[in-house]
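Keeping their order, the protein sequence lines are chains Y and F. Under my numbering, read the first sequence as residues 1093 to 1364, first letter to last. Under my numbering, read the second sequence as residues 13 to 180, first letter to last.
Treat the hints with care, as some may be off.
What the hints assert, rightly or not - Mimicking SDA-like on lysine to any residue, the simulated pairs with C-alpha atoms at most 20 Å apart in a straight line are:
#  : chain 1 : residue 1 : chain 2 : residue 2
1  : F       : K149      : Y       : T1283
2  : F       : K149      : Y       : D1275
3  : F       : K155      : Y       : D1275
4  : F       : K59       : F       : G106
5  : Y       : K1245     : F       : L78
6  : F       : K59       : Y       : T1105
7  : Y       : K1104     : F       : Y95
8  : Y       : K1104     : F       : I96
9  : Y       : K1332     : Y       : T1273
10 : Y       : K1244     : Y       : Y1346
11 : F       : K149      : Y       : E1277
12 : F       : K102      : Y       : F1106
13 : F       : K149      : Y       : T1255
14 : Y       : K1244     : F       : L78
15 : Y       : K1334     : F       : Y43
Bear in mind the hints are in silico, worked out from the structure with no lab data behind them. All figures in this text were calculated on a predicted structure; none of them were measured in a lab.
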Amino acid sequence: MQQIINFIIRNKTFLLFLLLFTLSLFFTIQSHSYHKSKFINSANFLTGGIYEAVNNIGGYFNLRKENNTLLEENNKLKSILFNSENGALKQSYLSENTSNNYRLIPAQVYKNSYAAANNYLTINKGERDSIHQDFGVITSKGIIGIIDNTSKKYARVMSILNTNSRINVQLKKTDHFGTLTWDNESPENVTLIDVPKLAPVIVGDTIITGGRSTIFPKGIPVGKVVSFKLDETENYYNIKVKLFNDMTNVGHVYIIENLDAKEISILNNQDE
Amino acid sequence: MNNIISRNIARFIILVLIQVLVLNNINFLGYINPYIYILFIILFPIKNNRLLFIFLSFLLGLTVDLFLDSGGVHAAACVSIAYIRPVILKFAFGMTYEHQTVKFSSTEFGQRFTYFSIIILIHHLILFSLEIFNTSKIILILKKSLFSSIFTILLCLLITILFSRKNK
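Please build the complete structure, drawing on both the sequences and the hints.
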């Protein structure tokens, strides 16, 4: 007993180092798996509050650009509306109280990163605005990511520029689907894997969300094909996709809640 | 004594805030960011309680991790350089360190440069290997740590020169 205590006292520096190093490794490994990084994330009141304070000052500098983006989007929506032959669309736009499957909530980005291997965004809506895990986040141009952690006032979004991110997407022309991943190379390009060899891929094809998951509705634009090649097994394509979104410059976003998500997941769980 | 404690507390807070609010948005050439918050570890008084020093370094790294959503990579890198700092000090300053009389403001530029470079390089290597965590991306790890280190070393030297008091 005496010797054990002596040993601890003699090596206390090394033991403390070892303890703290293991602890940080534990946090690191935890942050590599989705939904598990509960303790160390920027969606808490301290970091969220500081980012909010700074953003309140910095937000003014982007107002002109934000206005232009909003105007463009409005313009696009209006032109779709006025050019459509479909009366039902017009009706639902004007009446506002139709039953819909998706709820959209606007939010503002407080913190964005794109240089690390696992990138996250912090936004200014949280549980108070009934935002929960697994809601999708998009902009008017394309997808941003999925909410993976929430606090009362803030939420953390796992960006598509995250090595853990897996999002179901498909080709716009055909229904061949695959998985969108990021290989840590540049914030402009992502990689689409698991597209079967039979799919007719051409450079310039548009990639949209697949609607097979309950997170994103079908048909949100993601990016276009830059180049493609077969992977090692020669059965699937590895497609390099250039994002429509400029991930380095994100201001306002929309959070998508699928109101049917619970029902669909219950149905799927019954199967197993 | 109080002066030293309060100065280190202020340094801790200011360095973390500058790091997360300003320097992490630089992204020079897309991925190069300086990490100057480790100046806290570099400039920590040499006559110290080692246990406290290692614990404070861990806290510093964890705070930065909180802001940057990076799990525990900064904490791991900070704890490691805090633990091996005496060895590097001995290597860089030699006899003066043995007598515990090193004062960073009065050391030679060459010695200070070696000390800074070694600590910063080790910190960045650990940081990026843990962050990327993939052996097939070793070139990316080396590239990132090398370029970020150069940026950090330059900034750290500039800051210490700018803020050093003349004791003549």
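Evaluated hints:
A hinted pair counts as satisfied when its Cα atoms are at most 20 Å apart, and K149 of chain F with T1283 of chain Y qualifies at roughly 16 Å. With a C-alpha separation of about 10 Å, the suggested pairing of K149 of chain F with D1275 of chain Y holds against the 20 Å cut-off. Simply put, K155 of chain F and D1275 of chain Y have alpha-carbon atoms about 16 Å apart, close enough for the 20 Å limit, and the pair holds. At roughly 16 Å between alpha-carbon atoms, K59 of chain F and G106 of chain F fall within 20 Å of each other, so this suggested pair holds.
Restraint check for K1245 of chain Y and L78 of chain F: the C-alpha separation of about 16 Å stays at or below 20 Å, so the hint holds. At roughly 15 Å between alpha-carbon atoms, K59 of chain F and T1105 of chain Y fall within 20 Å of each other, so this suggested pair holds. Among the hinted pairs, K1104 of chain Y with Y95 of chain F is consistent with the structure: their alpha-carbon atoms are about 12 Å apart, no more than 20 Å. About 15 Å separates the Cα atoms of K1104 of chain Y and I96 of chain F, which keeps this hinted pair within 20 Å; it holds.
For the hint linking K1332 of chain Y to T1273 of chain Y, the alpha-carbon distance of about 10 Å falls within 20 Å, and the restraint holds. The suggested pairing of K1244 of chain Y with Y1346 of chain Y holds, with an alpha-carbon distance near 18 Å, which does not exceed 20 Å. For a cut-off of 20 Å, the pair hint linking K149 of chain F to E1277 of chain Y stands: about 10 Å separates their Cα positions. A distance of roughly 18 Å separates the Cα atoms of K102 of chain F and F1106 of chain Y; the hinted pair therefore holds under the 20 Å criterion.
With a C-alpha separation of about 12 Å, the suggested pairing of K149 of chain F with T1255 of chain Y holds against the 20 Å cut-off. With a C-alpha separation of about 17 Å, the suggested pair K1244 of chain Y and L78 of chain F falls inside the 20 Å cut-off, and the hint holds. The hinted pair formed by K1334 of chain Y and Y43 of chain F meets the criterion: a straight-line CA distance of about 18 Å does not exceed 20 Å.
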